[in-house]
Amino acid sequence: MTKFLHTADLHIDSPLRGLALRDETMMRTVQRATRTALERIIDLALKEKVAFVLIAGDLFDGEWKDMHSGQWAAGQFRRLDEAGIGVYYIRGNHDAVSQIQRKIRWPDNVVELSHDKPDTIILEDYGVAIHGQGFADQKVELDLAARYPARVPGMFNIGMLHTSLTGSEQHDTYAPTSLEVLKSKAYDYWGLGHIHLRNAEPLCVEPYVTYSGNPQGRHIREAGDKGCLIGEIEGETLKGVTFHPTDTLRWQELIVDVSEDKSLDAVLAKAGQAIQAQHARHAGLSSAFRLTFQGASKVHEELSDLIRRAEIHQQIFAAAESVDDEVWIEKIRFETRPASEATARDAHELWQAIAQQFEQVQVSSEATQQMQDLVKPVLDKVTAAHINLSEEGTLEQRMPQWMEAAKQLLRSRLGAQES
Numbered sequence: 001m002t003k004f005l006h007t008a009d010l011h012i013d014s015p016l017r018g019l020a021l022r023d024e025t026m027m028r029t030v031q032r033a034t035r036t037a038l039e040r041i042i043d044l045a046l047k048e049k050v051a052f053v054l055i056a057g058d059l060f061d062g063e064w065k066d067m068h069s070g071q072w073a074a075g076q077f078r079r080l081d082e083a084g085i086g087v088y089y090i091r092g093n094h095d096a097v098s099q100i101q102r103k104i105r106w107p108d109n110v111v112e113l114s115h116d117k118p119d120t121i122i123l124e125d126y127g128v129a130i131h132g133q134g135f136a137d138q139k140v141e142l143d144l145a146a147r148y149p150a151r152v153p154g155m156f157n158i159g160m161l162h163t164s165l166t167g168s169e170q171h172d173t174y175a176p177t178s179l180e181v182l183k184s185k186a187y188d189y190w191g192l193g194h195i196h197l198r199n200a201e202p203l204c205v206e207p208y209v210t211y212s213g214n215p216q217g218r219h220i221r222e223a224g225d226k227g228c229l230i231g232e233i234e235g236e237t238l239k240g241v242t243f244h245p246t247d248t249l250r251w252q253e254l255i256v257d258v259s260e261d262k263s264l265d266a267v268l269a270k271a272g273q274a275i276q277a278q279h280a281r282h283a284g285l286s287s288a289f290r291l292t293f294q295g296a297s298k299v300h301e302e303l304s305d306l307i308r309r310a311e312i313h314q315q316i317f318a319a320a321e322s323v324d325d326e327v328w329i330e331k332i333r334f335e336t337r338p339a340s341e342a343t344a345r346d347a348h349e350l351w352q353a354i355a356q357q358f359e360q361v362q363v364s365s366e367a368t369q370q371m372q373d374l375v376k377p378v379l380d381k382v383t384a385a386h387i388n389l390s391e392e393g394t395l396e397q398r399m400p401q402w403m404e405a406a407k408q409l410l411r412s413r414l415g416a417q418e419s
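Counting with the UniProt record's numbering, you get residues 1 to 419 for the letters of the sequence shown.
For the record, the hints were derived by calculation from the structure and aren't laboratory data.
Possibly wrong hints are sitting among the right ones.
As the list claims (entries may be wrong) - For lysine-lysine, the following DSBU-like pairs were computed, each having C-alpha atoms within a straight-line distance of at most 30 Å:
#	residue 1	residue 2
1	Lys183	Lys139
2	Lys3	Lys47
3	Lys3	Lys239
4	Lys185	Lys239
5	Lys117	Lys3
6	Lys239	Lys47
7	Lys239	Lys298
8	Lys270	Lys331
9	Lys298	Lys262
10	Lys262	Lys331
11	Lys407	Lys262
12	Lys331	Lys407
13	Lys47	Lys117
14	Lys239	Lys270
15	Lys239	Lys183
16	Lys407	Lys376
17	Lys103	Lys117
18	Lys3	Lys183
19	Lys103	Lys139
20	Lys331	Lys298
21	Lys270	Lys298
22	Lys139	Lys185
23	Lys49	Lys3
24	Lys185	Lys3
25	Lys49	Lys262
26	Lys298	Lys407
27	Lys185	Lys49
The structure displayed is predicted, hence computed values, not measured ones.
Please build the complete structure, drawing on both the sequences and the hints.
Below is the structure:
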């Protein structure tokens, strides 16, 4: 039985986004997250005694500020070299040849497949043929897979490709191709990169086509467990593929239903309990939560009060810190509505009428001028220390923004859902 590890999109030293770095512990965790993921991948490869590691693009996030990123990665790969484990990788759009100009001397076990044309590496000892082509430039719009060679007879054939396939809403379209093209090569396994969401099930079973996803989520849109895949082969047959988590900071969306709660204290207590319970399910990991309050609730008015929200934020942050010093809140969202359906219906109808009035004002030059005439005397009394229209724009330019802000504030206070 031969094992191999498939990973992609490590984005080493990529800055994680979406968290206000409020303390040193948080900063250290965030800054090291992508490196820790690679360390865990190396640990896993050694523990599972894999024969080789595949990296399907975007090992790095772009040009290095200095040589430290490349030298550090080379040091990790030397750990595999000492165990006789090969590393085969292709470049993606973030670490394309045109993106990273610096050169690093890799250990002898690291092989980069060509970025000029499809390349094939034969591993005679394992009966494996690895096919792939990296990115010469960041934007590759050709179907690279269509040019890959036919399978090598008598071997287990693996294709590596950094691709969006037929397209993705969250990712740019690079090296587009289709499952039909991949199938036409008659390979046994396609290890894909570029899409950061791992497939719960393979895109195709014969041949086995799958994205490993990235090994460390970098923001809330990359929530959930992140890791890599280990495949087991026997002869020309794939016996199984197993997911292994490697992330150290897990992004999570947490919905708190407050429809049964009758007080703000009860809501805050429920939120704290939910954070604690969810964090406990992932023992040993740091947690970054996006918290959303939902439901028809008697405390909707309090949750909608903009002044009270500042207090609510502080109390939620404190509740998270009391659970663990590595639990953080990325964002808090309020999507509640009044407890009474009749009240909610009335609020919606009232909001529709108000929104219509706003629209009429915005399209009427006469009404807009009347609004400006009402606002100007107030602004004239405001000192330059409070507002400087010369910097922020003229009254005419600022009015549409103020109107929109007033509109959204009214909608929130009414508890009406945005239509």
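Next item on the list: Could you tell me which of the hints above the structure violates, numbers in ascending order?
Entry: 7, 13, 14, 25
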